[in-house]
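Enquirer: So the chains spell out like this:
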Amino acid sequence: MTCLPEITPGAKKLGLVIDLDTCVGCQGCATSCKEWNASGHSAPLPDYKPYSAGAEGVWFNRVHSYEAGEGADGRTVHFPRSCLHCETPACVTVCPTGASYKRGEDGIVLVDHDICIGCGLCAWACPYGAREMDEDQGVMKKCTLCVDRIYNETIPEAQRQPACVLACPTKARHFGDLGDPESKVSRLVAERGGQPLMPELGYGPVNSYLPPRRRADTQPVEDAPTPMDIKNPVLRWMDRVLSR
Amino acid sequence: MPEAPTPTRLQPPADSRVEYSVPVGDTMKTTTCYMCACRCGIRVHLKDGRIRYIEGNPDHPVNKGVICGKGSAGIMTQYAPARLSSPLLRVGERGSGEFKEISWPEAMEIATGWLRNIRETDPRKLAFFTGRDQSQSLTGFWAAQFGTPNFAAHGGFCSVNMAAGGLYSIGGSFWEFGEPDWDRARYVLMFGVAEDHDSNPIKLGVSRIKERGAKFVSVNPVRTGYSAVADEWVGIRPGTDGLFALALAHELLRTDKIDLEFLGRYTNAAWLVVRNPGGADDGLFARDENGAPLAWDRMRGATDAKSAGLSPVMVGDYTLPDGRQARPVFHLLAERYLAPEYAPDAVAERCGIPAATIRRIAAEIAEVAFGQPLVLDQPWTDVWGNRHAQTIGRPVAFHAMRGISAHSNGFHSCRALHLLQMLLGAVDTPGSWRYKSPFPRPIPPGPPPAGKGAKPNTPLVGNLLSFPQGPDDLLVDDAGNPLRIDKAFSWEAPMALHGMMHTVIGNAGAGDPYPIDTLFMFMANMAWNSAMNPGEVIRILTEKRPDGEHVIPHVIYSDAYYSETVPYADLILPDTTYLERWDCISVLDRPIGSAHGAGDSIRQPVIAPDRDVRPFQEVLIELGARLGLPAFVREDGSPKFKDYPDYIVNHQRAPGVGPLAGFRGTDGSKKGVGEPNPDQLQRYIDNGCFWRDHLPPEQHWYKHANQAYLDNSKAMGFIPKAEQIVMQIWSEPLQKFRLAAEGHGERQPPDRLRERIRTYCDPLPIWYPALEQQGADLARFDLSAVTQRPMAMYHAWGSMNAWLRQIHGSNKLYMARSRAEALGLVHDDWIWVESRSGRLKCQLAVMEGVNADTVWTWNAIGKRGGAWGLTEDSPEMLRGFLLNHVISEWLPAQEGFRSANADPVTGQAAWYDLRVRVTKADSPGVTEPHYAPLHERPNQPKRVDILRYSTKSEA
Amino acid sequence: MNPAPSIVFFTTASGAGYGLLFWLGLLRPVGLVPQVPAFALLCLALALLLITAGLASSLLHLGNPQRAWRAFSQWRSSWLSREGVAAVATYIPALLFGTALLTGRPGLATIAGLVAALGAVVTVWCTGMIYASLKPIPQWHHPLVAPGYLLLAAYTGMALLAAVSAIGGVVAGPASFIVTLGLAGLVLKIAYWRLVDGGMGRSSAESATSLGFIGRVRPLDPPHTETNYLLREMGFRIARKHAAKLRNLTLLLGFGGPVLLALLATQLGFGGLLLPLAALLALGGMLLERWLMFAEARHTVTLYYRGT
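Heads up: the protein sequence lines correspond to chains Z, R and L, in order.
The first sequence begins at 1 in the working numbering and counts up by one.
The second sequence begins at 1001 in the working numbering and counts up by one.
The third sequence begins at 2001 in the working numbering and counts up by one.
No lab work stands behind these hints, which were simulated from the structure alone.
The beta-carbon is built from N, C-alpha and C at its ideal position, and this holds for glycine as well.
Treat each hint with caution, since some may be false.
[To be verified] If we take Cβ atoms under 7 Å as the criterion, some of the chain L residues that face chain Z in the derived model are:
1. S2077
2. V2085
3. S2210
4. P2223
Just chain Z, same shape as in the assembly (with noise of 0.2 Å):
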């Protein structure tokens, strides 16, 4: 059902918080993604003309990098994109079919590949690119939120939680429920001040992005005194007494 659904006050909303303070842009979160889903609820990641020309294929996650600002005060952002997990997406309410949904327990929005006609139009009404058509098997495709993971009881319990996040090797990725004032990720984007993304779209990102920190002041120093006049500067460390 596309229509999205009643989500009662305290409900779970899953996401992921992006420290781009930290993330190096190493692309670990990228393969990690496409490795597990290869073989995952939406396998399988296909990639065309894999060893030719126009080599491209079906990624969740997908890492770019920005130059914002100049001369000194500018930085270098790694920036790694995925499905946001909107509160009110409207990848979902434009699915004529019902297979694009979300989950009113746990805010996950995923795809039913069974009943996909593969018509587009959720990639068109997704801002953030997070849509991957699967043009093989001429389904729509996306990040899961790596939903066979997390509740995989077959896992052990530490593991139980995005592919990408435990790859991250910078730390700069992380799982939990954003819907619960009192969680990790939800007091990270607090004292952080996590950004949704375009918030003037009104999809209400569930995904929050953690911005690079401000740099530190850097003041110049006061020229220190210096015996640089002395004539030898060398030998005022003849009287320091040392032992061992």
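Starting from the known structure of chain Z, arrange chains R and L on it as the hints suggest.
Expert: Same frame as chain Z, now just chains R and L:
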């Protein structure tokens, strides 16, 4: 221990469309990744014999569960169609790529024939170079057993400046032999670290310092990767880091922000240096009759510098009991670095860093080191028997890598960084850079290199890649000519600890110092991105003598993939992938220990090869047996080891010391030294394929002077004596080379190299412009050009990997926006990049975060048509390019003599000294030079149009 | 946005078909078109042919056309589903209309025709709303888009009706409609273009990345060096100059030409020749208009790749 991911206890909503608890696979095996040099622990999940998922091993000390972009893409490396599938024998012209498939017995027969002939006549005619080898303790040993001095891996063109600079200064080094104290450092400085060694530990470390709010400064011409997340990016000009470091030293000395106590106790700053200009002993340490270096004690005068209770003077001139004049090292260093030439104002322009910034960073470092010392309530006992109730730390930590290393002044730049660490007292203290056990080791750590007196059918005794102490240890003949084909350990590169793989083919082609018969290589793409000048390598490999024989008559190559180098070999011994093999990451070789204890690990096969391939190490052991190398056969001549695992477990380098240090002894209870344990590999497997020692806390710090640590290290067989390892600010081995250049001693450099040795073998760190740039027209070539590996393709070639090549399928040359505007260039313009040795065509990208006098690109993205299982129209061939094509492996010719474009001390390849100019190309097109595509090999597997890899469905 | 031929053809053809159905159903009862059943049958057949061809073409756009029937299920939230339901539902009165004409039941024909006309309006409105509801595409998420679909469907439908009428000898009435609708369409398109020529609305690379607080945001490296589905689908770019030319051509061919021909037909005669020509021009112009509608529309996802 890292913080465990917080488990989110979740109840799955009812959703019939989702299967929540599908088992990951049917089997899980641990092993060690080999997609770069990190050697992370991985867990490989298999389903129906195919790889389902590769994840970081949460228990592994190197990566603690994380995994990088490459490691996660291992599936596609495993199943790449570029994998070689059978031994190949060349049938067409060399370079044509025309091969026929042969059987292993045939291949082994051919290789044995060629090699036996060399060994029986002149073993030096085998040049055995092993690229990105992680089994050098075996391959080097094999070469010595064979009797050739001509062995090395890729360190000479990667990071030998870091290894040599560190091992001759502090008895450890950045990366493999040391690491920043990520958990405690309050100020972290990275120099020249792009995506670099070691990948995941640095990333984990960055997350730790970010979490704690420590200041992180990255000194790098390019603001990507780690520099992007640094609190401060210092966009230095390439090759001037050493000068910047010495200016920081100047500032610390000028403001007296140095740890004189530390210098006096733990370094040779107090040691007396003989002052006798022109004399044979000038610049050597004053020593007593037992050879012990002397310091000047305030009460006792000249005294054994290592003695307890010493109260040394640090400056002044002193008359030794024998009447000679001497001065403490500290005096010499202070005098040098306080000179105005090292003042921030004097270096600012050259480094491209404002003087005020240099002063500020020096002040910030000093404030953290001395204003915020870390005091741990951790008692320890020093080598003089003093019990320290607390451990004092200077929480300033450094890391440096290839941006320092890959310059011809890199050795001294690296030494300059270690000098800074010593001035700050920031070596192996809480919050500073720390040794990774089994380091520190004595300075230098071992015996001189073996390689003299090669003769037929005779092993060379000792390590081929080892540590010269002075001219007598060089591998040169009586006339001063190199004994090694790469000229390592000769006057051209006296401290070439890792050999000089980048000169081998050029030297062999010129028969200089002598021709060779067989070039035997493993995992080194020398006909493409591993060569400083691929075109020249290709020319030499195909060059023939007048008699029709190739200049290099035989080339044997082992690799797992169809690289650009394969077609230039005569015999191909196809290797397995990293997931199909046994291996050991040995403490004898390049260890994976940490500050908290030594460690090593193994690889185990997680899947069986589906091709007619064999692990290279196993092939090498069999070749050893076929050739009758003494260590590889029993007395009756039969093979001593049945396979590589047998070797790993049962080979003993010294009694009780083998490739693996863990689970030794018949019951597996011993570590370091102990009898071989037949169950050793199983014990490793049971432990996640690694072993890690855990030092008690009192041994965690000041390891160089921590008696308990040194005793333990000796017991483990890591160091010969449990003595203090005194850090060497003044390097006597360097001074010995310099004295030889000045005409002292029996072994002296040839005249053409005298000045070079005298200049560059300075016992204190110096800075000089890159050799290639000295005397060059820098106005004509107005830009420095450097490369870095992208994180997703770091340290090995990934273009055969269907996923990674989507991320990096082509590359552009990045230039500062201001510079591009000045040149009238815009993003995506096609440009010519010209250097003194050639030109290439590529596309431009503009960016903000790059030093305005520097251009850069991603390395090793450009590929040659036909290689790596890719079609000729792939973007790697049409829009990718190698900067290598405008690099020269030789310095500009000087009076007919060609020197390697390398560090004059260590022979490290000077990749990053390149200067270029950029002009707009008339027309777009494809990148140039564009080499003719390589022939496909026999039975090249069909390329699929759509790859639907999944273990969820049938294959 | 990528101007996929199947979609460009679909919206143009079915729009014209529904427009024709609308005018037929509406104007026949009031006697403004020839009353012979043959005329109505011919128009109806033409309308249904265009509608069906359009719908068939839209199926080509689907990854799994055999599942297209599932698209009727989500009419409560999805304009695409509503369009599908409305389109199929409209067949019922339209076919009834035809049956009534064939079997000579004028009362039923009138009622069925009117209901079919209503169905046509609803269907075209749904089509317009599919585009107008997409916030990531500022050029589509605009109050003039859905009315524009209605107006242009009415215009092309009228052009077709006029062409068929003219063949039957009735010229003046339909021609004046063409003039009115054509001029209205012209005004609407010019107004629309003026209003949407403002870039990406409120979104920018800065808001897309949340990095605007640092300064201007420029892409450095894309995630992958080759293209991908989203870029092929949404990254279509047309040069400003080229677009301006095509806009003028659209106005000239699609509106100016037919209006002029309609005026000529009323003044000079030759309606049987000029009005079919006007219809062809109008349809051709609409193909161009629809092509531009896609080609000039920019999706916010391109902010991530190009920064603008």
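Enquirer: Each hint: holds or not?
Expert: Hints versus structure:
Taking 7 Å as the C-beta cut-off, the interface hint given for S2077 of chain L holds, the closest approach to chain Z being about 4 Å. With a least beta-carbon distance of about 9 Å to chain Z, the hint placing V2085 of chain L at the interface is violated under the 7 Å criterion. For S2210 of chain L, the suggested interface contact is upheld, since its CB lies about 4 Å from the closest CB of chain Z, less than 7 Å. Given hint, P2223 of chain L at the interface with chain Z, holds; its Cβ is 3 Å from that chain's nearest Cβ, closer than 7 Å.
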